[in-house]
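Undergrad: Could you put together the complete structure from these sequences and hints?
There are 4 protein chains.
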Amino acid sequence: MHEDSLLTLRERLRRFAREREWDRFHSPKNLSMALIAEAAELVEHFQWLTERESSALPDRKLREVETELADILIYLIRLADKLGVDLAAAAHHKIADNESKYPAAKVRGSATKYTDD
Amino acid sequence: MHEDSLLTLRERLRRFAREREWDRFHSPKNLSMALIAEAAELVEHFQWLTERESSALPDRKLREVETELADILIYLIRLADKLGVDLAAAAHHKIADNESKYPAAKVRGSATKYTDD
Amino acid sequence: MHEDSLLTLRERLRRFAREREWDRFHSPKNLSMALIAEAAELVEHFQWLTERESSALPDRKLREVETELADILIYLIRLADKLGVDLAAAAHHKIADNESKYPAAKVRGSATKYTDD
Amino acid sequence: MHEDSLLTLRERLRRFAREREWDRFHSPKNLSMALIAEAAELVEHFQWLTERESSALPDRKLREVETELADILIYLIRLADKLGVDLAAAAHHKIADNESKYPAAKVRGSATKYTDD
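Chains as they are written, first to last, in the numbering used here: chain W, 244 to 360; chain B, 244 to 360; chain Y, 244 to 360; chain S, 244 to 360.
Calculated directly from the structure, the hints in this document are not laboratory data. Note that the structure is a prediction, hence the values are computed from the model and not measured. Do not rely on the hints blindly, as some may be mistaken.
Identical copies carry no separate label here, and so any pair may be met within one copy or between two of them.
[What the hints assert, rightly or not] Once the Cα atoms are required to be at most 25 Å apart in a straight line, the calculated BS3-like pairs of lysine-lysine come out as:
| # | residue 1 | residue 2 |
| --- | --- | --- |
| 1 | Lys337 | Lys325 |
| 2 | Lys349 | Lys337 |
| 3 | Lys304 | Lys344 |
| 4 | Lys325 | Lys304 |
TA: In structure tokens, the structure reads:
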């Protein structure tokens, strides 16, 4: 396991909560609330920007957004851990599903997924 | 890079979007909306459950929750990629900050963080 | 129209935006983001509380929650106005639907809605 | 009290919950989750649209969005009721604050609020 491993992060976060005896606050219900609260802080950064502006954030803003992304990942990993879910496996599984569901040859250049649902 | 690497997932998702020419939909603004919509589907699973029930989901429900977690991770990785953010590094950095901010010896057994803010 | 009228609030908010020339920021897309960001601030107040604690907020906290509720209503009214939706009529219509869908005699004391979906 | 009154809606919702004995599910914590889940369904409608498209929804889509707006208002009113908050008064109070904080003469035509915070 190296730096960019989800398992490494999971272990570090497990130890963090255990050492502080904070596990009892971390019910899946509560963690889902903490996660969406962080996701909203992200949304807040983008809400009055145009799409183009959101792609070219000034440096200070980008640093703040980076921290929100970290917070979301942290709660996501904690939640998956509490539920016994293998996050990386679940993501690979879902991507594989999407690869079958939206064959490149068929949907390329089209926005079907984005307009029909 | 192996199965649980965030970089492996990032590369797979990059290829997925490129092959379908879907990158133009993936502005950070739009991705932040997609991310919070997935986070809300998670919240929806837990909203009428007690905390205890949220820790002991029936198998069918757990499979659904697993898929929501995957969706959140997918959009999170895409968003970080679009912004040029190294997600794992940002998370390790944030955890390090939290380790300093909440020293175990001082906060152990206390819920200060959770009640004061 | 009196104090508790949605139309009175709508008119006051319309004037507020017009006088400041802020209408151009208020696309439905942007307003939906602002609304969910406010909803998340609400969630944040409750995320580490038990259900029981959430029903008995200390006064200072209650004042803060009250402001979040106001912010949500404000963005909701603006968004409905921008879309030409009659909010009160839509709500009465939806409640009527729910009254038919969940007849009291049938669902009373049961949590079917809350466990089955 | 008439059709567009928040109190009328509050009374109708109170009766609805009482007749079904659903009040016990309606802790402020749970209601805040239900509210944000509905807000996210709204966001989902707009996430891949441009701002301009979000202002000109096709009729079928607009009907769906209208229902989401109703759902948000319903949970908002329930939550305020459970907390003993007068929603209309809180909104008028908050608008008055904003009127002082952002004097039209000073902020007109400027996007300060939207870029500085």
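Undergrad: For each hint, tell me whether it holds in the structure or not.
TA: Here is what the structure says about each hint:
For the identical chains of this complex, lysine 337 and lysine 325 are neighbours both inside a copy (20 Å) and across copies (20 Å), given an alpha-carbon limit of 25 Å. In this homomeric assembly, lysine 349 and lysine 337 come within 25 Å of each other (Cα to Cα) only inside a single copy, at 19 Å, whereas the closest approach across copies is 39 Å. For a Cα distance limit of 25 Å, the shortest separation of lysine 304 from lysine 344 across copies, 22 Å, qualifies, whereas the shortest one inside one copy, 36 Å, does not. Only between protomers do lysine 325 and lysine 304 lie at most 25 Å apart by alpha-carbon distance; the minimum there is 15 Å, versus 32 Å within a single protomer.
When each numbered hint is compared with the structure, no violation occurs for any of them.
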